[in-house]
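Trainee: So the sequences go chain by chain: Z and U. FYI, the working numbering numbers position 70 of the first sequence as 70, with every residue one higher than the one before it. FYI, the working numbering numbers position 101 of the second sequence as 1101, with every residue one higher than the one before it.
These are computed hints drawn from the structure, not numbers from a lab. This structure is a prediction, so every number in the text was calculated from the model and none was measured. Don't be surprised by glycine CBs; every beta carbon is placed ideally from N, CA and C. It is possible that some hints are incorrect.
List of simulated lysine-lysine pairs, DSBU-like, C-alpha gap at most 30 Å [stated by the list, open to error]:
#1 U:K1070 - Z:K64
#2 U:K1057 - Z:K38
#3 Z:K69 - Z:K51
A partial selection of chain Z residues facing chain U, derived with a Cβ cut-off under 10 Å [what the hints assert, rightly or not]:
#4 S7
#5 L11
#6 I12
#7 T28
#8 G53
#9 E54
#10 H83
#11 T101
#12 F102
#13 G103
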Amino acid sequence: SQELEQSPQSLIVQEGKNLTINCTSSKTLYGLYWYKQKYGEGLIFLMMLQKGGEEKSHEKITAKLDEKKQQSSLHITASQPSHAGIYLCGADNTGTASKLTFGTGTRLQVTL
Amino acid sequence: DAGITQSPRHKVTETGTPVTLRCHQTENHRYMYWYRQDPGHGLRLIHYSYGVKDTDKGEVSDGYSVSRSKTEDFLLTLESATSSQTSVYFCAINSGLAGTDTQYFGPGTRLTVL
């Protein structure tokens, strides 16, 4: 089984709808990083969460870290076509942040 | 823009030939990484470097070697390319400074081994 599980693997939502992507680690989480990737391009850093219960927001994207559950969620409010892409989470399981383990990604499509 | 470039951006080569991919950064970050991205596997770490001439293996290092003779350049070499090494390769950097420990990624190199 994967050390870092993302769900769902893919998601199709109508423009304007809310959605949530989850990332669960089988190991202790010292930090969790969210990235977005457009097809054929590199990864764009979105947010980093380091403390249990931490919540960060950027525009319409909010990410939370539940340290006890070793889980993070990424919530998009009122989705737009510009939100489409692949969302990846990266876990710091060592406490040093120098090495990350990545999930397989969630592919998001936003329909008009 | 984290000042990371990768070259080449696309390459097609034949099985058995050596291939070298280059990652170049302009901001003197301490850590540099090479990942490969494949469908169903996500991003997997090949090798990383924590300083000039200091490198270590990642989870999928077999068949790959790296070198870092200057802070700004991290080279990934496939000594004898195989079809299983067809992939998209990403370089990343990290300042390694507490509070700003974040990996930033380059644009990727698409490698096809025929």
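Trainee: Each of the hints needs a verdict: does it hold here or not?
Mentor: Going through the hints against the structure:
no.	hint	verdict
1	U:K1070 - Z:K64	violated, 38 Å
2	U:K1057 - Z:K38	holds, 28 Å
3	Z:K69 - Z:K51	holds, 13 Å
4	S7	violated, 13 Å
5	L11	violated, 16 Å
6	I12	violated, 18 Å
7	T28	violated, 17 Å
8	G53	violated, 19 Å
9	E54	violated, 14 Å
10	H83	violated, 19 Å
11	T101	holds, 8 Å
12	F102	holds, 4 Å
13	G103	holds, 6 Å
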